[in-house]
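Based on the hints, put chain B in the right spot on chain A.
Protein chains: 2
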Amino acid sequence: MAFESTAWSADLAAREQEHLDEFFDFLRIASVSALPAHQPDIDKAAEWTAARMRKAGIPEVEILQTEGKPLVWGRWHVSDNQPTALIYAHYDVQPPDPLDLWKTPPFEPTIRDGRIYARGSADDKHGVLSTILAVEALARTNGAPPINLVFFYEGEEEIGSPAVPKIIQAERERFKCDLVLSADVGQEGEDLPAIGVALKGLGGVQVDVQTSGTDLHSGMYGATVPNAVQVLVQLLATLHDADGRVAVEGFYDKVKDLTDDERKEIAAYPFKEDEFKAEAQVQEFWGEKGYTPVERMWARPTLDFNGIWGGFQGDGSKTVTPREAHAKITCRLVPNQNPNDIPGLIDKHLQKRCPPGVTLTVKPLPGKANPFAIDRDHPGLIAAGKVLNEMYGKDPLIVRSGGTVPVAEIFQSELGADMIFFGFGLPGSQVHAPNEWFRVEDLHRAAVGYCALLTELVR
Amino acid sequence: MAFESTAWSADLAAREQEHLDEFFDFLRIASVSALPAHQPDIDKAAEWTAARMRKAGIPEVEILQTEGKPLVWGRWHVSDNQPTALIYAHYDVQPPDPLDLWKTPPFEPTIRDGRIYARGSADDKHGVLSTILAVEALARTNGAPPINLVFFYEGEEEIGSPAVPKIIQAERERFKCDLVLSADVGQEGEDLPAIGVALKGLGGVQVDVQTSGTDLHSGMYGATVPNAVQVLVQLLATLHDADGRVAVEGFYDKVKDLTDDERKEIAAYPFKEDEFKAEAQVQEFWGEKGYTPVERMWARPTLDFNGIWGGFQGDGSKTVTPREAHAKITCRLVPNQNPNDIPGLIDKHLQKRCPPGVTLTVKPLPGKANPFAIDRDHPGLIAAGKVLNEMYGKDPLIVRSGGTVPVAEIFQSELGADMIFFGFGLPGSQVHAPNEWFRVEDLHRAAVGYCALLTELVR
Chain A
1 MAFESTAWSA DLAAREQEHL DEFFDFLRIA SVSALPAHQP DIDKAAEWTA
51 ARMRKAGIPE VEILQTEGKP LVWGRWHVSD NQPTALIYAH YDVQPPDPLD
101 LWKTPPFEPT IRDGRIYARG SADDKHGVLS TILAVEALAR TNGAPPINLV
151 FFYEGEEEIG SPAVPKIIQA ERERFKCDLV LSADVGQEGE DLPAIGVALK
201 GLGGVQVDVQ TSGTDLHSGM YGATVPNAVQ VLVQLLATLH DADGRVAVEG
251 FYDKVKDLTD DERKEIAAYP FKEDEFKAEA QVQEFWGEKG YTPVERMWAR
301 PTLDFNGIWG GFQGDGSKTV TPREAHAKIT CRLVPNQNPN DIPGLIDKHL
351 QKRCPPGVTL TVKPLPGKAN PFAIDRDHPG LIAAGKVLNE MYGKDPLIVR
401 SGGTVPVAEI FQSELGADMI FFGFGLPGSQ VHAPNEWFRV EDLHRAAVGY
451 CALLTELVR
Chain B
1 MAFESTAWSA DLAAREQEHL DEFFDFLRIA SVSALPAHQP DIDKAAEWTA
51 ARMRKAGIPE VEILQTEGKP LVWGRWHVSD NQPTALIYAH YDVQPPDPLD
101 LWKTPPFEPT IRDGRIYARG SADDKHGVLS TILAVEALAR TNGAPPINLV
151 FFYEGEEEIG SPAVPKIIQA ERERFKCDLV LSADVGQEGE DLPAIGVALK
201 GLGGVQVDVQ TSGTDLHSGM YGATVPNAVQ VLVQLLATLH DADGRVAVEG
251 FYDKVKDLTD DERKEIAAYP FKEDEFKAEA QVQEFWGEKG YTPVERMWAR
301 PTLDFNGIWG GFQGDGSKTV TPREAHAKIT CRLVPNQNPN DIPGLIDKHL
351 QKRCPPGVTL TVKPLPGKAN PFAIDRDHPG LIAAGKVLNE MYGKDPLIVR
401 SGGTVPVAEI FQSELGADMI FFGFGLPGSQ VHAPNEWFRV EDLHRAAVGY
451 CALLTELVR
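Protein chains in written order, with the working numbering: chain A, 1 to 459; chain B, 1 to 459.
None of these hints come from the bench; they were simulated from the model. Since we're looking at a predicted model, the values are computed, not measured. Worth double-checking, as some hints may not be accurate.
Because identical chains share one entry, a pair is satisfied inside a single copy or across any pair of copies.
What the hints assert, rightly or not - Cut-off 27 Å, straight-line C-alpha distance, at most; resulting in silico cross-link-like pairs (DSS-like, lysine-lysine): (1) 352 - 277; (2) 44 - 272; (3) 103 - 44; (4) 352 - 289.
Next up, chain A with everything else stripped away, as it sits in the complex (with noise of 0.2 Å):
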């Protein structure tokens, strides 16, 4: 491994089993932001974060109450001759279910070739517990860090964080940076290094349609009534053209169409068609016709549904009418697009199509998100850039992604503060959804990089 003569990295190699030890027992707090029963685990996630940055030396530790889940909160000054690091991860989680798909509990971690089972390992708790024994390391060994550090482990990344933007404008002097650190993202493969530039934006809707104010006998009405059920799918299915266009009037208004170099770069990513839909288990792509699946993936705006009820869905048959139907829609945005357009432009589509008669309710999903680009000259890109190289013997990949990570955006435009995206995670490792792995050697691997890259930013 890289940097193997330094002196922190002996201290973090000494301590590998009592590190493992430590992020096992985070794991096993169910941090959940979506799920309002999971509060007393958020706050408890909060806690351990809190405990761990102390034990590491920090000086200045702080759980800052917000409007919504707490934010975990540091500060290690050393010298003003020496640049502001903000490191950005988070402690919450999301939902586990289906729960019946895990092959062990998300909540228990489990180790199998090689890779740690749980929700939460590669996003994002590995993220924060990495920086920190990054830090403490760099501590242990040097007396301090190299440059001077801000702390910021929030919990509600997985709902949007729609408390930050309000506690970094009320507190900005406290959240004060050259440039954000984030350590909730991935590499590209094992052996693939790579720094992203650019990341999607996001807007939601939740749709409710009712037709009546009773389930109804479907023999009696089924005939003669509206069916919720039956106007929701109706409705939902003029969302896309059948080209897998968004079919959304206005939708693509502010979208800048691809440029030749754009499609020359994107076509550049070393994209294993055949890797991504064995991780994806998926047998056929599908998508918007004209793009190529990258293309589509880091700079195609899309209207992605996450989820559907209405009526019966128990073991047999019952014949109801359903009185109301929903389903959950999210969008992922491209530079330009604006998520605060997303639900009224769904609402006047839906509205437009809506039969008399029906009470149909477009209202905004928590968790949006504007589009985030970095230039490509930024001074952390390119440190980055170098550590990952001595890391990988290589150097990393320019990438863009599909996700999102709302305060990319928010630090942007709050702070000034660029944020580089430098995280260990690997494709495939299942993140939202059942049976999400972590490999165990990249907690490490992860605390080395981030000390080789604190020292990197040494002015």
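Just chain B, lined up with the frame of chain A:
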């Protein structure tokens, strides 16, 4: 009330409170046939029924174990010179969900405004109890019922009586009869007697779509792999055309056009649009273009969505690309349509439109039934008309039903016995829906009606 001068009417009147208490006991048993967890309640309801029959003096009573739910059977043979009527009702009930829409618990009967609110009150526990009470009153006042009786109280009507044909075929002698009297029906209004002459058939399927072996992160995969909810929604939306007709190829092939005479008979029915809408709690009608609401209800086949589910249904937002999605569909059928054809027709229609790489399964749901019709000059139909005329002071309307009584067709084909529909539920009584009700006074009315009908059938 009619028949006041009879001894059995006086006998029933003297025991009204006692009978109501018994009805409440019966309604407290949550005998939901569709949900396997309620099997103990099914058994309990069967035992309750058998015990009440024995108390009424019925000499032969047995609980017959079938391949499905227990069948409560009884026989009272009085004379070889009299005809034999089989009395039919069912002790099982529909699932009570959604529970949160019930004003009082479904299995805690509660009287409000002269109505008993409880699951199964209208459909069809009053049918079981009122017929037992009638026979008991006749026996108490005359020593025995006036004609031979067979009792057939089944426990799987709400799941389509799957085991009924087999037990009838296996023990034909036990069920031998000249006609069947079904207490699983109702009148058209408080002052609107009716006799049914046709029922729709029923055939249904569950549709399962699978696009991946795992749920996926919508940002990483949503733009480029199939989404199970989207595929399902787009497929289901093809099942009807813009005129509300079923768009499944072959669906109408065997359906006869309505004759002018039929349209006139149907138009003679005093359908009150506003009352119907108020009862159904809908704003507008919907249905197949070119037919009146009553024509659609009584004489046109339908394809009804009973339920749909897939992906995330919890609070908040989860940005998942769902791996699978499901729907339950039932079709109401008219004469000459065959429920066995339905799964194949729907399967063929959907498979033809299914995108590549998607696994689509269409499997038949339990509970199929052939359409049913009876001759207008059947002696049982005439006797029932006479009794209803006496009870209501007017001739009953000739009506059809959009509902399904699978056993009507089974008795017709297996025993050569036509079914006479003779029951006392009322429109709007929320059968198959939350807050099902049955009027307090109608338990007595039903028993009186059956006493009169059995007397009228004497040779």
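Right, here's what the structure says about each hint:
no.: 1; hint: 352 - 277; result: between (37 Å within a copy, 24 Å between copies)
no.: 2; hint: 44 - 272; result: neither (41 Å within a copy, 61 Å between copies)
no.: 3; hint: 103 - 44; result: within (25 Å within a copy, 39 Å between copies)
no.: 4; hint: 352 - 289; result: both (26 Å within a copy, 21 Å between copies)
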